[in-house]
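Q: So you can see what is in the structure, the chains are spelled out below.
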Amino acid sequence: MSKFLKSTALAVAIAMVAGPVLAEKFGLGRMALPEEIAAWDGDISPDGMGLPVGSGDALDGEEIFADKCASCHGDFAEGIDNWPKLAGGADTLNHDDPLKTVGSYWPYLTTTFDYIKRSMPYGNAGSLSDDEVYAMVAYILYSNDLVEDDFVLSNETFLDVEMPNANGFIIDDRAETEYPVWTGEPCMQNCKDDVVVTMRALVLDVTPTQENAAKTPEAAEVEAEVVEAEAEVAETTAINAELAAAGKKVFKKCKACHQVGEGAKNRTGPILTNIVDGAAGAVEGFKYSKPMKKVAEAGLVWNDAELSAFLAKPKAYMKGTKMSFAGLKKEADQRALIEYLRSFDE
Amino acid sequence: MSDKDNETSRSRRAFLGGAVAAGAGALTAGAARAQSPDPLITEIQPWAQEFGDGVDAVRYGLPTEHEGDVIRRNVEWLTADTVSSINFTPIHALDGTITPQGCAFERHHSGAIDLKKDDFRLMINGLVDTPLVFSYADLERFPRENHVYFCECAANTGMEWAGAQLNGAQFTHGMIHNMEYTGVPLRTLLEEAGLDTAGDLKDKWVFVEGADASSNGRSIPMEKALDDVLVAFKANGEALRKEHGYPVRLVVPGWEGNMWVKWIRRIKVTDGPVESREETSKYTDTLADGTSRKWTWAMDAKSVVTSPSPQAPIKHGTGPLVITGLAWSGRGAITRVDVSKDGGMTWETARLAKPGEKMALTRFYLDTDWDGTEMLLQSRAMDDTGYVQPTKTQLREVRGLNSIYHNNCIQTWLVRSNGEAENVEVS
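Chains V and Y, in that order, give the protein sequences.
Using my numbering, read the first sequence as starting at 10 and increasing by one per residue.
Using my numbering, read the second sequence as starting at 286 and increasing by one per residue.
Just so you know, the hints here were simulated from the structure itself, not pulled from any lab data.
No residue lacks a Cβ here, since even glycine has one placed at the ideal position from N, Cα and C.
Treat the hints with caution; some may be incorrect.
[What the hints assert, rightly or not] Some but not every residue of chain Y turned toward chain V, in silico, with C-beta under 10 Å:
(1) T367
(2) K567
(3) A586
(4) G657
(5) T658
(6) P675
[Said to hold, decoys possible] In silico DSS-like links for lysine-lysine, alpha-carbon gap of 27 Å or less:
(7) V/K303 x V/K264
(8) V/K201 x Y/K626
(9) Y/K567 x V/K94
(10) V/K258 x Y/K401
(11) Y/K401 x V/K261
(12) V/K302 x V/K322
(13) V/K299 x V/K258
[As the list claims (entries may be wrong)] Stretches of chain V that chain Y covers, calculated by requiring three or more beta carbons in the stretch to come under 8 Å of a beta carbon on chain Y:
(14) 47 to 61
(15) 80 to 93
(16) 110 to 123
(17) 170 to 181
Whenever a hint applies, use it, and build me the whole structure from the sequences.
A: Quick look at the structure:
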């Protein structure tokens with residue numbers, strides 16, 4: 010804050026606030042109720058203000074992490090595809106390509122609790138209990154070799170954890186290091202003796218092509234098509250709409266990796282359109298695991314029974330599958346999800 | 286118009302296009318002379334004979350299909366999923382300064398949510414005299430203001446730190462838009478809740494968060510909150526589009542786009558920054574020695590030539606050429622833009638379409654006569670603090686290569702004698 014107060018313009022702004030701008034009130038809005046404030050006021054500050062009472066250890070955290078986080082962040086918090094890596098990267102910040110994780114970069118542990126509690130798991134934000142969040146933060150610390158596996162993280166032990174990069178930040182110093190240097194009348198003539206091209210973007214060839222753009226008048230119609238597709242689903246009598254609606258909720262667990270329906274693309278997992286009663290390992294352009302390729306060659310069809318078995322315990326059903334998901338224990342969830350996916354069969 | 290007619294007029298147009306281009310190349314002084322009468326003029330065209338669309342054919346219009354390539358574009362390899370991603374404004378194809386909402390870049394952290402006005406609630410809590418909840422209708426009863434501001438993602442041009450990477454102004458500089466906002470000053474709402482409880486305001490902050498699953502919380506110093514931050518519900522005269530935060534978003538003039546929280550639901554007065562994920566693990570700038578700058582909120586002066594550029598090559602041959610681009614500063618108004626055609630050896634001062642306005646885009650033009658020689662096109666912005674947009678080399682000397690954010694370097698396009706352009710880096 011101190012750098013801010015040096016600015017006279019802002020000092021004036023503050024003076025104005027104290028002056029006539031503090032006008033009479035409009036009497037609009039209503040008083041927020043304590044229950045409402047409690048529901049939304051979840052931010053947690055570096056001094057621990059806002060931490061709820063609770064606790065959890067790394068072992069519990071590992072289980073929750075495998076179930077709810079590993080499909081994106083990896084079993085060991087190492088990150089899958091472009092999803093964030095949460096562990097590793099110690100002493101890399103001054104390297105060419107620093108690896109910024111909770112362990113190597115985050116200055117405050119409170120940020121981890123605040124963020125997980127409000128925004129994770131992805132696609133099902135706000136669904137974790139305080140104890141679960143404590144356990145997961147403990148597991149992330151353990152993955153970063155910052156605590157032992159029996160460490161119990163609680164509102165009381167929280168501030169005891171030392172973050173390796175706590176002192177790695179400085180407040181914006183551009184006003185001292187840059188602005189005075191890059192100010193003044195710039196050169197207009199004979200500014201350099203010679204100019205050579207040192208690097209070209211075309212060499213890298215990572216720019217999306219215009220071809221996609223040429224197709225795009227259609228893009229405007231996509232939304233309309235989606236609406237139509239949804240209408241069609243509703244009309245199909247074979248689908249149990251209530252069950253499919255329940256399945257849509259279950260699908261939140263899958264959404265981080267899988268897409269289904271109009272405009273779906275392969276992500277960490279393959280497109281799931283036509284998966285019910287469809288051939289296994291058949292989505293074009295998706296790199297399947299070896300065991301999945303094997304069952305595909307053997308002609309496996311994802312009927313209700315096979316899908317249920319796979320969804321119940323993916324890794325037990327197919328050793329070596331890339332699907333890093335703990336499974337749907339409840340049969341009702343399996344049935345609902347399959348019904349939801351069936352609604353996308355074409 | 287029948288298909289056959291359509292076919293004929295298309296081929297005529299194609300033929301004529303070639304003839305005109307050849308003529309322009311041959312004659313540099315005076316108007317070109319057509320080789321044969323132009324059938325678009327000498328023959329009655331269907332559009333000059335039949336009816337066009339009646340009113341209400343389109344109840345809310347999109348751009349004509351002939352402009353179908355002027356759209357936001359995404360770079361898929363940048364992010365894991367489109368729900369936490371960014372796309373780019375087609376600045377290479379736009380002119381003037383106002384960005385239409387429909388092609389203004391989007392950045393979401395957990396997707397653009399659908400939030401009805403009736404379901405909108407804005408809570409003000411923390412160190413205030415009375416914690417309040419406002420409905421959308423409440424907001425419309427406070428005195429409101431109109432302001433044009435640019436919104437630039439701190440990561441704009443971030444892919445270019447290590448070298449020339451993406452080939453087009455849309456991709457290198459398209460994480461920016463500029464709109465006219467209508468809204469209520471945040472100061473008005475804070476004063477409605479009362480700030481006596483907060484005591485000395487000098488060291489106080491506000492924490493702002495959105496209603497979406499990411500909530501994207503950010504801490505803003507009280508000085509800024511009371512200065513020019515707007516709680517906005519209209520952009521360019523109409524309701525915010527869903528992807529821009531409908532029904533209400535925060536506007537934080539001149540400061541990085543991540544702070545412009547969309548679907549805003551809560552503003553809390555605090556006695557310190559929350560140090561949320563978005564202001565610690567992200568939107569902090571790592572220097573060469575491994576330490577990182579935080580609270581780098583202001584977007585420094587920057588400019589780019591939008592045409593000619595890789596996606597907007599010169600197609601008309603030699604002769605009159607309009608070089609144009611955009612300039613902006615988060616610390617004031619643009620006062621001057623210089624353009625170089627030789628990679629920075631010599632510069633000429635461009636014409637500003639209008640005097641620069643504080644924290645808004647400024648359009649510049651250099652009306653020139655091109656003789657067909659290769660150009661290394663650059664632009665260099667200056668703002669009313671006297672700051673001069675730096676070169677990439679100057680930035681790297683201070684910050685190294687790993688900053689990701691706040692890359693406001695001078696951009697270079699290599700324009701070849703055939704008019705095609707490429708993103709390059711020069712000595």
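Q: Hint by hint, say whether it matches the structure.
A: Now the hints, each set against the structure:
1. With a cut of 10 Å, the hint placing Y/T367 at the interface with chain V holds, because the nearest CB-to-CB distance is about 8 Å.
2. Residue-level restraint check for Y/K567 holds (minimum Cβ-Cβ distance to chain V is 9 Å; threshold 10 Å).
3. Given the 10 Å rule on beta carbons, the hint for Y/A586 holds: about 9 Å separates it from the nearest Cβ of chain V.
4. Interface hint status for Y/G657: violated, as the beta-carbon distance to the closest one in chain V is roughly 19 Å, over 10 Å.
5. Taking 10 Å as the C-beta contact cut-off toward chain V, the hint placing Y/T658 at the interface is violated, the least distance being around 14 Å.
6. Of the supplied interface hints, the one on Y/P675 holds, with its beta-carbon coming within about 5 Å of a beta-carbon of chain V, less than 10 Å.
7. Between V/K303 and V/K264 the CA atoms are separated by roughly 26 Å; this keeps the pair inside 27 Å, and the hint holds.
8. Note on V/K201 and Y/K626: the hinted pairing holds, with a Cα-Cα distance of about 13 Å set against a maximum of 27 Å.
9. For the proposed pair Y/K567 and V/K94, the alpha carbon gap of about 13 Å is at most 27 Å, so the pair holds.
10. Restraint check for V/K258 and Y/K401: the C-alpha separation of about 21 Å stays at or below 27 Å, so the hint holds.
11. This hinted pair checks out: Y/K401 and V/K261 have alpha carbons roughly 22 Å apart, not beyond 27 Å.
12. For a cut-off of 27 Å, the pair hint linking V/K302 to V/K322 stands: about 19 Å separates their Cα positions.
13. With a C-alpha separation of about 30 Å, the suggested pairing of V/K299 with V/K258 is violated against the 27 Å cut-off.
14. Counting residues of the stretch 47 to 61 of chain V whose C-beta lies closer than 8 Å to any C-beta of chain Y gives 7; at least three are required, and the coverage claim holds.
15. Here the stretch 80 to 93 of chain V counts 4 residues with a CB under 8 Å from a CB of chain Y, which clears the bar of 3, and the coverage holds.
16. Judged by the Cβ-Cβ criterion of 8 Å, the stretch 110 to 123 of chain V is covered by chain Y as claimed, because 8 of its residues qualify and three suffice.
17. Beta-carbon proximity to chain Y at under 8 Å applies to 5 residues in the stretch 170 to 181 of chain V; the threshold of 3 is reached and the given coverage holds.
Consistency with the previously given hints fails for numbers 4, 5, 13, ordered from lowest to highest.
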